[in-house]
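All chains, please: the whole structure from these sequences, using the hints.
To convert, count from 1 in the sequence shown and add 160; that's our numbering.
Treat the hints as calculated values from the structure; they're not laboratory data.
Predicted, not measured: the structure shown is a model, and the values here were computed from it.
Even for Gly, the Cβ is constructed at its ideal location relative to N, Cα and C.
Treat the hints with care, since some could be wrong.
Said to hold, decoys possible - Computed list of lysine-lysine pairs in DSBU-like fashion (alpha-carbon distance at most 35 Å, straight line):
id	residue 1	residue 2
1	Lys526	Lys380
2	Lys375	Lys508
3	Lys444	Lys199
4	Lys475	Lys373
5	Lys475	Lys380
6	Lys324	Lys336
7	Lys336	Lys592
8	Lys439	Lys592
9	Lys177	Lys503
10	Lys199	Lys526
11	Lys199	Lys439
12	Lys503	Lys412
13	Lys380	Lys503
14	Lys444	Lys508
15	Lys444	Lys503
16	Lys526	Lys439
17	Lys412	Lys354
18	Lys548	Lys380
19	Lys324	Lys526
20	Lys592	Lys354
21	Lys475	Lys439
22	Lys508	Lys412
23	Lys412	Lys592
24	Lys190	Lys336
25	Lys439	Lys508
26	Lys548	Lys475
As the list claims (entries may be wrong) - DEER-style ranges, computed between Cβ atoms:
id	residue 1	residue 2	range
27	Ala333	Glu313	29 to 39 Å
28	Asn311	Lys373	43 to 53 Å
29	Phe560	Ser356	19 to 29 Å
30	Arg220	Asp525	21 to 31 Å
31	Thr441	Arg505	15 to 25 Å
32	Thr522	Asp178	44 to 54 Å
33	Phe560	Glu251	20 to 30 Å
34	Gly379	Val249	46 to 56 Å
35	Trp611	Val357	41 to 51 Å
36	Asp463	Val221	40 to 50 Å
37	Lys373	Asp342	50 to 60 Å
38	Gln365	Lys475	37 to 47 Å
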Amino acid sequence: MITLFCTDQIYALDQIKDVLASHIRHLPDKVSPIGVPLKILRYEFPCEPIDILTWLYNQRVTRKIYWSDRGDRSGAPTFEIGGIGVADVLEGNGPVDHTEVFAHMEDRFSADNPNLRYYGGINFQGAAADFNWQSFGSYRFVVPRFELLNNGEQTLFAFNIALKDINPENIGAIVKDLDAIDFSPTTTYRRPPKVSVRHDYPDRQGWEAAFAKAKNSDGKFRYEKIVLARRSVFDFDVHIDPAALIKHLKDKTPQCFHFCFQTDTSTAFLGASPERLYKRTGNKIETEAVAGTSPRGASREEDAALERELLSCSKNALEHRYVVDAIREALGELCADARADAKARLVKLEGGQHLVTRFQGTLRDKVSDDRIITRLHPTPAVAGCPQKEVLRAIGEIEPFDRGWYAAPVGYVGYDHSEFSVAIRSALVNHDKLSLYAGAGIVEGSTAEGEWREIEAKIGNFIEVFNKK
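Spelled out as structure tokens, the structure:
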């Protein structure tokens, strides 16, 4: 059965609802769910360009998804999607069986429907115990009911429905939801709220104690590298609108992956990550090591001096090498051939600059996303090494549950997938925002230096709050 309806006609925004509603109303007469209950039917309509975040912000619904890739050299995304509602969801709260999770998604894909994707993420380590992460579970992937997307060439409006859900009762409710969609091309974004109270977990004294736990009694570090994170909680006097916050954050952080997974009116996980976990297109894979950080300078001269310092710093070089070696080892198992940059490059972002080594490879036969993600995550960039020992230590030392922080977030589609590492991220819970950031601790690290590095990493978020 063909599961994609598409047309070459470009529709005006005020035409789409009437045209799509007519198709939806006739679905029970045209489509039988019997025989292919796992498949998802998709309608795609090319339409006039519209800013996707503006569209997403204007929708008065509780469940939203936003994803945009890191984009081209100018920082403009080459793939961006805003989604509302749920056509299908795959979620769980217990241990993650990656094979089962990805098989569920693969069963619903077909070659004739290449733009159908599940968007979501997986918990950093095991099942989330903190109630703040309850609505995200240990994994959650969603096919939105309605999508607005731009693939770099055209803007599309899409409607998704599982074949098993095609019945008169559901169709009536879906048409009503479609009628409520707002295609206004402009909006007025809610201003960022102002911080009333801030708490750090651990606080400065607790950070010193956590740092000390990474050392033996002789003062030497217990591990080759361990990444310890902080949770900084900001209280506001109003509830936070996640779609407005990701808009303000995106304006501040070009050349990053931007994501927002909103599960109800004011609960969301969002962020601006500079780091790709991997991108797969067919049997081709791209990944990267991002480790080693320096702030940006206030002037061109200061920025150049900090660049030279980063490139020559033995501590940052050591931190970066651990990540490069781990990825090279993983790709040796996953790929028939793999290539890497001859040496680390520098990537300059708003608020920081990093060492990066990029990899490309051709996957071996029958290597699928479940195996890739379990082999690459977590890299020493967000955990450390040796892996088992540092993961146990992170669970014992950090006074909070990481949840989806530093975990894989992204999408899976037919014959392609992309995941970012969810660093530089935040959890929105009504009038509270928890910012997460970590620092790699290796020989040569100091508690003071790593505290300052984390402050720099959450600086873009804080500047959004202080925006006039």
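Here is how each hint holds up against the structure:
The straight-line distance between the Cα atoms of lysine 526 and lysine 380 is roughly 43 Å, outside the 35 Å bound, and the hint therefore fails. Taking the CA atoms of lysine 375 and lysine 508, the gap is about 32 Å. The hint holds against a cut of 35 Å. Under the criterion of a C-alpha separation no larger than 35 Å, the hint pairing lysine 444 with lysine 199 is consistent with the structure, at around 26 Å. At roughly 19 Å between alpha-carbon atoms, lysine 475 and lysine 373 fall within 35 Å of each other, so this suggested pair holds.
Proposed proximity of lysine 475 and lysine 380 is supported: the alpha carbons are some 15 Å apart, at most 35 Å. Between lysine 324 and lysine 336, the direct Cα distance comes to roughly 19 Å. Compliance with the 35 Å bound is thereby established for this hinted pair. The straight-line distance between the Cα atoms of lysine 336 and lysine 592 is roughly 33 Å, inside the 35 Å bound, and the hint therefore holds. Proximity of lysine 439 to lysine 592 is assessed by CA-CA distance (about 33 Å); at most 35 Å being required, the pair is judged to hold.
The straight-line distance between the Cα atoms of lysine 177 and lysine 503 is roughly 52 Å, outside the 35 Å bound, and the hint therefore fails. Proposed proximity of lysine 199 and lysine 526 is supported: the alpha carbons are some 23 Å apart, at most 35 Å. Of the pairs offered as hints, the one joining lysine 199 and lysine 439 holds, with about 24 Å between alpha carbons and a cut-off of 35 Å not exceeded. Distance restraint check for lysine 503 and lysine 412: the Cα-Cα separation of roughly 29 Å lies within the 35 Å cut-off, and the hinted pair is therefore satisfied.
Using a Cα cut-off of 35 Å, the hinted pair lysine 380 and lysine 503 holds, with the two alpha carbons roughly 29 Å apart. Between lysine 444 and lysine 508, the direct Cα distance comes to roughly 27 Å. Compliance with the 35 Å bound is thereby established for this hinted pair. Of the supplied pair hints, the one linking lysine 444 and lysine 503 holds, its CA atoms being roughly 22 Å apart against a limit of 35 Å. Restraint check: the Cα-Cα separation between lysine 526 and lysine 439 comes to about 17 Å, which is no more than 35 Å; the hinted pair holds.
Among the hinted pairs, lysine 412 with lysine 354 is consistent with the structure: their alpha-carbon atoms are about 17 Å apart, no more than 35 Å. With a C-alpha separation of about 19 Å, the suggested pairing of lysine 548 with lysine 380 holds against the 35 Å cut-off. Our distance criterion of 35 Å between C-alpha atoms is met by lysine 324 and lysine 526, whose separation comes to about 30 Å. Between lysine 592 and lysine 354 the alpha-carbon distance is near 11 Å, which keeps this suggested pair within the 35 Å criterion.
Restraint check: the Cα-Cα separation between lysine 475 and lysine 439 comes to about 29 Å, which is no more than 35 Å; the hinted pair holds. At most 35 Å may separate the alpha-carbon atoms for a hinted pair to count; lysine 508 and lysine 412 meet this at roughly 14 Å. Of the pairs offered as hints, the one joining lysine 412 and lysine 592 holds, with about 21 Å between alpha carbons and a cut-off of 35 Å not exceeded. Taking the CA atoms of lysine 190 and lysine 336, the gap is near 20 Å; set against the 35 Å cutoff, the hint holds.
Between lysine 439 and lysine 508, the direct Cα distance comes to roughly 21 Å. Compliance with the 35 Å bound is thereby established for this hinted pair. About 23 Å separates the Cα atoms of lysine 548 and lysine 475, which keeps this hinted pair within 35 Å; it holds. Under the hint 29 to 39 Å, the C-beta atoms of alanine 333 and glutamate 313, about 33 Å apart, fit the expected range. Look at asparagine 311 against lysine 373: about 47 Å separates their beta carbons, and that is inside 43 to 53 Å.
Range check, phenylalanine 560 to serine 356: about 21 Å between beta-carbon atoms, so the 19 to 29 Å window is met. Take arginine 220 and aspartate 525: their Cβ atoms lie about 48 Å apart, and the range 21 to 31 Å is violated. Between threonine 441 and arginine 505 the Cβ separation comes to about 22 Å, which falls inside the hinted range of 15 to 25 Å. Roughly 47 Å separates the CB atoms of threonine 522 and aspartate 178, a value that falls within the hinted 44 to 54 Å.
Here the CB-CB span from phenylalanine 560 to glutamate 251 is close to 22 Å, well matched to the stated 20 to 30 Å. Between glycine 379 and valine 249, the C-beta spacing of about 50 Å keeps the proposed range 46 to 56 Å intact. Checked against the hint of 41 to 51 Å, the pair tryptophan 611 and valine 357 fails, with Cβ atoms roughly 20 Å apart. Between aspartate 463 and valine 221 the beta carbon distance is about 43 Å. The supplied range of 40 to 50 Å therefore holds.
Here the CB-CB span from lysine 373 to aspartate 342 is close to 51 Å, well matched to the stated 50 to 60 Å. Between glutamine 365 and lysine 475 the beta carbon distance is about 24 Å. The supplied range of 37 to 47 Å is therefore violated.
Hint compliance for this structure: hints 1, 9, 30, 35, 38 are not met, and every other hint is.
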